[in-house]
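There are 2 protein chains.
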Amino acid sequence: MSAVNLAEKLALFSEHWSPKIVGAFNGHDIMVVKVEGEFVWHSHPDTDDLFLVLDGEIDIEMRDETVHLKAGEFYVVPAGVEHKPVAKAEAHVMIIEPSGTPNTGDAETAVHKDQI
Amino acid sequence: MSAVNLAEKLALFSEHWSPKIVGAFNGHDIMVVKVEGEFVWHSHPDTDDLFLVLDGEIDIEMRDETVHLKAGEFYVVPAGVEHKPVAKAEAHVMIIEPSGTPNTGDAETAVHKDQI
Numbered sequence: 262m263s264a265v266n267l268a269e270k271l272a273l274f275s276e277h278w279s280p281k282i283v284g285a286f287n288g289h290d291i292m293v294v295k296v297e298g299e300f301v302w303h304s305h306p307d308t309d310d311l312f313l314v315l316d317g318e319i320d321i322e323m324r325d326e327t328v329h330l331k332a333g334e335f336y337v338v339p340a341g342v343e344h345k346p347v348a349k350a351e352a353h354v355m356i357i358e359p360s361g362t363p364n365t366g367d368a369e370t371a372v373h374k375d376q377i
Numbered sequence: 262m263s264a265v266n267l268a269e270k271l272a273l274f275s276e277h278w279s280p281k282i283v284g285a286f287n288g289h290d291i292m293v294v295k296v297e298g299e300f301v302w303h304s305h306p307d308t309d310d311l312f313l314v315l316d317g318e319i320d321i322e323m324r325d326e327t328v329h330l331k332a333g334e335f336y337v338v339p340a341g342v343e344h345k346p347v348a349k350a351e352a353h354v355m356i357i358e359p360s361g362t363p364n365t366g367d368a369e370t371a372v373h374k375d376q377i
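Each protein sequence line maps, in turn, to chains G and V.
Count along the first sequence from 1, then add 261; that gives the number in the numbering used here.
Count along the second sequence from 1, then add 261; that gives the number in the numbering used here.
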């Protein structure tokens with residue numbers, strides 16, 4: 262493995278809500294994703310979910326509160342907590358989750374995560 | 262927990278090589294650290310070590326190669342690999358390691374990590 266430049270990785274794709282794996286760490290995938298619009302409500306029963314905004318702004322809606330994140334800010338959604346990421350305009354986010362975690366919380370609807 | 266602004270956390274302290282805990286994720290500490298100069302050679306036998314540079318530049322010297330990182334770049338030092346972080350000028354870094362990991366690889370010489 263060599264140094265990973267997050268902006269260079271983000272320049273390699275354009276689709277939204279399709280996390281790309283850019284590194285591995287203690288059984289977790291380090292991913293970058295472009296988001297815009299509303300994702301689905303979901304939760305991950307067995308893992309926390311780390312969102313670090315690299316560019317733009319997102320809201321992480323939860324049933325009882327909404328956390329607003331801008332570039333340089335992170336939030337950890339605790340395991341089991343239902344959440345829905347929303348971005349009014351395109352935003353770039355780094356996500357860390359255990360390898361194999363379905364992005365929708367459901368293996369049947371999850372996207373395949375390519376390594377780039 | 263609420264959103265964590267990394268720059269705001271970094272503005273709260275000035276000392277070098279003293280990681281501050283700013284979040285928790287799956288049994289790991291999310292930390293920010295200011296570095297300048299040379300750290301000690303060390304390794305972590307049981308965990309990978311994630312370095313994401315937020316501001317400035319660092320070298321991660323290993324016995325057989327050196328990885329140069331600038332802002333927006335990360336590197337994962339694999340478990341057990343000896344490394345020595347070096348920064349010619351002050352740099353700001355986000356680090357993720359399992360809670361309780363000694364920063365020097367040795368509990369006797371490790372700094373105490375405060376939560377901020």
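Calculated from the structure, these hints are not laboratory results.
Treat each hint with caution, since some may be false.
[Claimed, not checked] With beta-carbon atoms standing in for the labels, derived distance ranges:
#1 G:P359 / V:E297: 20 to 26 Å
#2 G:L273 / V:E318: 20 to 26 Å
#3 V:A350 / G:E343: 42 to 48 Å
#4 V:S275 / G:N266: 24 to 30 Å
#5 G:M262 / V:E299: 39 to 45 Å
#6 G:T327 / V:L315: 35 to 41 Å
#7 G:G361 / V:K331: 27 to 33 Å
#8 G:A264 / V:H277: 19 to 25 Å
#9 G:E351 / V:A264: 15 to 21 Å
#10 G:E318 / V:P359: 37 to 43 Å
#11 G:E326 / V:E351: 32 to 38 Å
#12 G:E326 / V:K345: 30 to 36 Å
#13 G:E326 / V:Q376: 20 to 26 Å
#14 G:A264 / V:G341: 40 to 46 Å
[Stated by the list, open to error] Calculated pairs, DSS-like style, for lysine-lysine (alpha carbon to alpha carbon, straight line, at most 30 Å):
#15 G:K331 / V:K270
#16 G:K331 / G:K295
#17 V:K349 / G:K345
#18 V:K270 / G:K281
#19 G:K295 / V:K345
#20 V:K374 / V:K349
#21 G:K349 / G:K270
#22 V:K295 / G:K331
#23 G:K345 / G:K281
#24 V:K331 / G:K270
#25 V:K349 / G:K295
#26 G:K349 / V:K374
#27 V:K281 / G:K331
#28 G:K331 / G:K345
#29 V:K374 / G:K295
#30 V:K374 / V:K295
#31 V:K331 / V:K345
#32 G:K331 / V:K331
#33 V:K295 / V:K345
#34 G:K349 / V:K349
#35 G:K270 / V:K270
#36 V:K295 / G:K349
#37 G:K281 / G:K270
#38 V:K374 / V:K281
#39 G:K331 / G:K281
#40 G:K349 / V:K345
No residue lacks a Cβ here, since even glycine has one placed at the ideal position from N, Cα and C.
Results of checking the hints against the structure:
Restraint check, P359 (chain G) to E297 (chain V): a C-beta distance of roughly 34 Å breaks the suggested window 20 to 26 Å. Distance hint check: the CB atoms of L273 (chain G) and E318 (chain V) are about 23 Å apart, consistent with the given range 20 to 26 Å. The given range of 42 to 48 Å is respected by A350 (chain V) and E343 (chain G), whose C-beta atoms sit roughly 44 Å from each other. At roughly 28 Å, the beta-carbon separation of S275 (chain V) and N266 (chain G) lies within the given 24 to 30 Å, and the hint holds.
At about 23 Å, the beta-carbon gap between M262 (chain G) and E299 (chain V) misses the expected band of 39 to 45 Å. T327 (chain G) and L315 (chain V) have their C-beta atoms about 25 Å apart, which leaves the hinted 35 to 41 Å range violated. Here the CB-CB span from G361 (chain G) to K331 (chain V) is close to 31 Å, well matched to the stated 27 to 33 Å. Distance hint check for A264 (chain G) and H277 (chain V): the Cβ-Cβ separation is about 22 Å, which falls inside the suggested range of 19 to 25 Å.
Distance hint for E351 (chain G) and A264 (chain V): a CB-CB separation of about 19 Å, consistent with the stated range 15 to 21 Å. Hint check: E318 (chain G) to P359 (chain V), Cβ distance near 31 Å, so the stated range 37 to 43 Å is violated. The hinted window of 32 to 38 Å between E326 (chain G) and E351 (chain V) holds, with their beta carbons roughly 36 Å apart. The beta-carbon spacing between E326 (chain G) and K345 (chain V), approximately 42 Å, falls outside the hinted interval of 30 to 36 Å.
The hint said 20 to 26 Å for the Cβ distance between E326 (chain G) and Q376 (chain V), and at roughly 22 Å that hint holds. Evaluation of the 40 to 46 Å hint for A264 (chain G) and G341 (chain V) yields a failure: the beta carbon distance comes to about 20 Å. Using a Cα cut-off of 30 Å, the hinted pair K331 (chain G) and K270 (chain V) holds, with the two alpha carbons roughly 15 Å apart. In summary, the hint linking K331 (chain G) to K295 (chain G) is supported, as the alpha carbons are separated by about 14 Å, within the 30 Å threshold.
A threshold of 30 Å between alpha carbons decides the hint, and for K349 (chain V) with K345 (chain G) the separation of about 42 Å lies outside it, so the pair is violated. With a C-alpha separation of about 28 Å, the suggested pairing of K270 (chain V) with K281 (chain G) holds against the 30 Å cut-off. Restraint check for K295 (chain G) and K345 (chain V): the C-alpha separation of about 34 Å exceeds 30 Å, so the hint is violated. Between the alpha carbons of K374 (chain V) and K349 (chain V) the distance comes to roughly 24 Å, so the proposed pair stays at or under 30 Å and holds.
A threshold of 30 Å between alpha carbons decides the hint, and for K349 (chain G) with K270 (chain G) the separation of about 22 Å falls inside it, so the pair holds. For the given pair, K295 (chain V) sits about 22 Å from K331 (chain G) by alpha-carbon distance, which is consistent with the 30 Å threshold. As the CA atoms of K345 (chain G) and K281 (chain G) are separated by approximately 19 Å, the hinted pair is consistent with the 30 Å bound. For the given pair, K331 (chain V) sits about 15 Å from K270 (chain G) by alpha-carbon distance, which is consistent with the 30 Å threshold.
In summary, the hint linking K349 (chain V) to K295 (chain G) is not supported, as the alpha carbons are separated by about 33 Å, beyond the 30 Å threshold. Among the hinted pairs, K349 (chain G) with K374 (chain V) is inconsistent with the structure: their alpha-carbon atoms are about 37 Å apart, more than 30 Å. Annotation: proposed proximity of K281 (chain V) to K331 (chain G) holds, straight-line Cα distance about 21 Å (limit 30 Å). Restraint check: the Cα-Cα separation between K331 (chain G) and K345 (chain G) comes to about 16 Å, which is no more than 30 Å; the hinted pair holds.
Between the alpha carbons of K374 (chain V) and K295 (chain G) the distance comes to roughly 33 Å, so the proposed pair goes past 30 Å and is violated. Taken as a hint, the K374 (chain V) and K295 (chain V) pair is honoured in the structure, with Cα atoms around 13 Å apart against an allowance of 30 Å. Distance restraint check for K331 (chain V) and K345 (chain V): the Cα-Cα separation of roughly 16 Å lies within the 30 Å cut-off, and the hinted pair is therefore satisfied. Note on K331 (chain G) and K331 (chain V): the hinted pairing holds, with a Cα-Cα distance of about 21 Å set against a maximum of 30 Å.
Note on K295 (chain V) and K345 (chain V): the hinted pairing holds, with a Cα-Cα distance of about 15 Å set against a maximum of 30 Å. At roughly 40 Å between alpha-carbon atoms, K349 (chain G) and K349 (chain V) are farther apart than 30 Å, so this suggested pair is violated. For a cut-off of 30 Å, the pair hint linking K270 (chain G) to K270 (chain V) stands: about 27 Å separates their Cα positions. At roughly 33 Å between alpha-carbon atoms, K295 (chain V) and K349 (chain G) are farther apart than 30 Å, so this suggested pair is violated.
Proximity of K281 (chain G) to K270 (chain G) is assessed by CA-CA distance (about 9 Å); at most 30 Å being required, the pair is judged to hold. About 5 Å separates the Cα atoms of K374 (chain V) and K281 (chain V), which keeps this hinted pair within 30 Å; it holds. Between K331 (chain G) and K281 (chain G), the direct Cα distance comes to roughly 20 Å. Compliance with the 30 Å bound is thereby established for this hinted pair. With a C-alpha separation of about 42 Å, the suggested pair K349 (chain G) and K345 (chain V) falls outside the 30 Å cut-off, and the hint is violated.
Checked against the numbered hints above, the structure violates hints 1, 5, 6, 10, 12, 14, 17, 19, 25, 26, 29, 34, 36, 40; every other hint is satisfied.
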